[in-house]
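A.B. asks: With these hints in hand, go ahead and build the complete structure from the sequences.
Spelled out from the first residue to the last, the chains are:
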Amino acid sequence: MIESLELTSIPAEDEALRASVRAFLDEALDGVPADVRARSWMGYDADFSRRLAAKGWLGLTLPKEYGGGGRSSFARFVVVEELLSAGAPVTAHWIADRQSGPLIHKYGSEVQKKFYLPRICRGEAFFCIGMSEPNSGSDLASVTTRAVRTDSGWKLNGRKIWTTNAYRSHYMIALVRTSGEPADRYKGLSQMIVDLSFQGVTVRPIHDITGDAHFCEVFFDDVMLGDDALIGAEGSGWEQVTAELAFERSGPERIYSTLVLLDEWLVFLGRDMPVDDGRVALLGRMASQLCVLRAMAISVTEKLARGESPVVEAALVKDLGTEFEQQMPLLIADSLGDDPDRPAPSVLLKTLAYVTQISPSFSLRGGTREILRGMIARGLGLR
Amino acid sequence: MIESLELTSIPAEDEALRASVRAFLDEALDGVPADVRARSWMGYDADFSRRLAAKGWLGLTLPKEYGGGGRSSFARFVVVEELLSAGAPVTAHWIADRQSGPLIHKYGSEVQKKFYLPRICRGEAFFCIGMSEPNSGSDLASVTTRAVRTDSGWKLNGRKIWTTNAYRSHYMIALVRTSGEPADRYKGLSQMIVDLSFQGVTVRPIHDITGDAHFCEVFFDDVMLGDDALIGAEGSGWEQVTAELAFERSGPERIYSTLVLLDEWLVFLGRDMPVDDGRVALLGRMASQLCVLRAMAISVTEKLARGESPVVEAALVKDLGTEFEQQMPLLIADSLGDDPDRPAPSVLLKTLAYVTQISPSFSLRGGTREILRGMIARGLGLR
Amino acid sequence: MREIIFDAMEQLLGDCCSPNHVRRIERGEGGPKERAVLWRALQESGFTDALVAEARGGSGLSLSDAYPIAFVAGRHALPLPLMQTILVRGIMSETNAELPEGSITIAGDVSVTPDGTVVSNYVPFGEVADWVLVDFGDRAQLLPATGAQRHIAGGYGSVNARMRWTNPSISGNELPGSHWRAYGACLISAMLAGAMERTLNMTLGYANDRVQFGRPIAKLQIIQQQVSVMAEQVFAARMAAQVGFSTAGTRPKLMAAAVAKQRTSEAVGTVSSIAHSVHGAMGFTEEYDLQLFTRRMHEWRLAYGTEVYWSKIIGRELLAAGESRTLDFVRQSLAG
Amino acid sequence: MREIIFDAMEQLLGDCCSPNHVRRIERGEGGPKERAVLWRALQESGFTDALVAEARGGSGLSLSDAYPIAFVAGRHALPLPLMQTILVRGIMSETNAELPEGSITIAGDVSVTPDGTVVSNYVPFGEVADWVLVDFGDRAQLLPATGAQRHIAGGYGSVNARMRWTNPSISGNELPGSHWRAYGACLISAMLAGAMERTLNMTLGYANDRVQFGRPIAKLQIIQQQVSVMAEQVFAARMAAQVGFSTAGTRPKLMAAAVAKQRTSEAVGTVSSIAHSVHGAMGFTEEYDLQLFTRRMHEWRLAYGTEVYWSKIIGRELLAAGESRTLDFVRQSLAG
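Chains as they are written, first to last, in our numbering: chain E, 391 to 773; chain G, 391 to 773; chain Y, 239 to 574; chain W, 239 to 574.
Check the hints yourself; a few may be wrong.
[To be verified] The list that follows gives simulated cross-link-like pairs (lysine-lysine, DSSO-like), each with its CA atoms no further than 30 Å apart:
#, chain 1, residue 1, chain 2, residue 2
1, E, K504, E, K454
2, E, K503, E, K445
3, E, K545, E, K504
4, G, K577, G, K496
5, E, K496, E, K693
6, E, K577, E, K496
7, E, K577, Y, K457
8, G, K577, Y, K457
9, G, K545, G, K577
10, G, K454, G, K504
11, W, K457, Y, K457
12, G, K445, G, K693
13, W, K457, E, K577
14, G, K577, W, K457
15, E, K693, E, K545
Hint data in this document are derived by calculation from the structure and do not stem from the laboratory.
Fair warning: this is a prediction, and the values are worked out from it, not measured in the lab.
C.D. replies: This is the structure:
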């Protein structure tokens, strides 16, 4: 069931991280134009990811013995908030840091933890997620990619699609069928760590609406995996994926991915535009919504810090945050076109165009809005 | 299937009706405050209805031989547009004029037509609709009110609810079961004209959220009806009700029921408020939406005038119109509270309060928005 | 602390402020006596002195501690200005002012005619309060409600009034002025959040109970989606109101109050619309309780400035701050 | 008449303006030659002289008759300014002006520096047009696109440009000024309506074909509701565009153009969001055609003023008219 969200604040020791992150980003992003920064968690820069790792800001919540920071979820919140709101290019390490690392830590063997976690924390192992398949859509239980036991491990055949960054990641954690048939649904699914450099793996990047390539189609053709590829228990894939999606949904990505646009517009208003009640009201409304969403995200973070699993609460904040992020480019566009004799500068128009084009993806990742709302309804006790 | 709506205009001979209607209303409504006029198609004034009848403006589309105007649906559009936008109290005759009259004309016997239609056109027979029952909600096929054959006609038992104006109408056209069981659904339903003055009929008005009483609960306790109470064919009740709902949905009520509020606000802005970009934009947006909705309503009217039955198109316009009407009090309230140092005059606040309170009913009458959208989806070919 | 206060208020209002009490007071049934009985119960509970310093016989709570009082008042559509009284008494008790008997509300606006007549066009709870705090900018003053001409300023069931004092006796009861609209907005935002939560609970109950086409409507995907959207707005409103109340002192901060009123007001349309849509005709009747809460929500949205008023204030402040990062403004000007 | 034109345009663009043609021109593949081939096909069809008087060799259509040309151009995301060319040629042909070769677009704004440099920050189709009509207020002038510095003013796939003419040769080609923004807005509203209708058709097709959880997603109540809302917006946009074109002459009326652009622009957000939501990841790829239309919709919404710009113009006009009935303003200032 859903719990109420209470106002809370970030502990001082975690808040203290902010100044050094800010100073690092001010230097690292100096001169990068807004339409490039707007990519943020879609922006790829492996070198930048390794510089963050060198600062100790990857794997912040993983234990120190595996190379992590041993910090609370509040510490990660502060770092992530700074990265995303500034528009830092974080996609290279994003999935490893947000969900693959925690997943391996929770379900992996000691050998797996010792192998993967330090690499993730050093920015040397980038991950992608193999969930969707061409005919599965939101129906993940229908996956048909199959791993069959061999003498020395597993033989993998099948196909994944919409896999973000597969062509520039080192590993995929794939949801595959290890027993039974598609009709068995949730039963017989397992998670496998697939080294994408192995023979039999073919990756086809898919260009998206913005002209960039993030999504990929990945083909497995008799890929031979070792015994150690299985993560967690055989047949527990569904339960593990559910836990993984909870990691994915409880981060603050879902309120900050359009802040670069908001700030670029704020500066334009302050510098070039006369005060107009419509514009000022829209600006104030967005600041107010951001304030409340942030307070809600911090409240979810506090539940994580206490070791709870606020799955439904996180879904609620994500859905509200997605509404905020998807509405923002529409509203700012309306305002930018409110006086054609005072046209917006080119970089602002390009930033707007990018965010407008990318915004449908905000409700693709981590569950469609309909799926999130279904979770909320169950959490509310609708039956 | 749904057809596209093409821009069309009102023929000159029908448009010519407007001046006399306007002159009549200017005099009849002189001095009536906006918060009273805002009731409009919820406003009851039997005398006013009879004055309209004396002008020949009731039953406009019925044949002259039955006392009607013998005019096209465009003529009715012009009259109704003037009545509703001015906030004339039309509820007494509204249902008779909009749907009971056309229903009787379409399905009634010659005797029934000769009896009821002239009375409707003279404003002497007011009608209500007996569709909903306590446990039916939107599921009309589950009605349990039952008429059983007797030697001389029918014996009626059961209960109707949410019947608008039953306590001040002369007749109800009720959907009742004449054979079979509730499990038979659509089969075995018929329509009966019930004289509400008959013994065994008890009417309980239900007060609504605005403090007014329109809705009623109606109890039938061994009500003895004559043979002539059956309208149309026995067992054809479902088909007839569907046609009746089409009459209900294709009128222009669904875009004009909040115009009194809009105009009262317009006058306040023009007289008392400084120009503010936010207010001006909101005003212009509503005028623009009204313009387009009106063009769509006229296009539906043209299909009616050609003898078509634009059921899906009318549902689409009604749903859009309901959105417009239900959003309007919310948007105007926001604007009225945009500068508490310039408070709105009392009559405007009362008009706003009334329209805000009544607005949920706009999506109760003639089918919920979900039902209308289901009809549209089918019309679009979603299967 | 908050949970204790929440439970105590729930128990108190459950006893003395049932939906039928609310209806009687709205309609003026029983006259001033009916209100007096309810007010006495509130007073005897000790809540009216929640913010008064312990040294002066009060509970010495912070505004943040007192949040559940306003929230639960909203959950019961309490038709008296309890939270306004608490705040005014709390602030007055910091001076040597004598604390008056009876309930106190805060006027939404004021104008003074050349002959000294004081007019406020929109006084929330003006019809039922004993005192009205009027903010003249340079100072604020308590005026006795009995000395005023009152007219209902709203629709059916409203207890808001247009009030007019001819030559009011201005003696004592003076407080610093200029921030009372923000204070009123902050307080009412928590009442709004409470009323919205109540409508959510009613809607969940109705959807699970109401059977149509052979099964509870809660099973319909479209109902589930709508109610989830409603819940999101209620959760956001509740958090916004807490932002407004987040101070260890007694006085709301301007920007926090602005966010609280902006965000709760913005939620009203969606919450009210979905509640009514799910309830169908039943929710539209006088005898069913939903209308007590949705009517109030619309009135409270109008009181002390709607969302566009507070949005403009936040927007102007953000532009004036000269910040290039909205997040920094949000972090620095606001709690969290 | 309209049906004949609709069918002829559909056939023409079906042949010469496939989605892959659109992509090639957007990306500049094939250079100016690729555009020239398409333009020649349009020209040979005779549509470019649709509004030119029959006496001068044109078809002598009214703007109302020509509506399907713009609508179908939108349905195919035609990446050249056909309708703008038609209107400018039509209006020029009423004078003795010589009609220029090639495509003509209309600039969204203009500023002139003291040294005579002409800058337009937002020229829809500026990257691909041969001529640009620039409205200086007291007059309007055709400037050759080849004489300008051009920079793409938009995101991926945009053919809009920021353009800058240093000492442009101002010789002839002069027209009355001041109304060209409204004209541009009106024309693009019909293209918007066409693009929206295309996305509706694609969405209906996808929903019926796509199977998930064992059945077409079109069977899901939530999909049906969403697509119905989308259809309502598309129907409203189509009607609004017709209002804009409703004149027996060649020139749109100001208020009708304002309504057309306001209402079509307002529909863009809902139509685009639902189209993408129903299509899921597939609709987000470059290789699927949906993006050709949704990208264009957002760009056209920005061109010649968004909904709030035109809302303000309508609102000011309504207040200035001193009407006390909105309906009368709507009836008198607008078609219907």
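A.B. asks: Tell me, in ascending order, the numbers of any earlier hints that this structure violates.
C.D. replies: Result: hint 15 breaks, nothing else.
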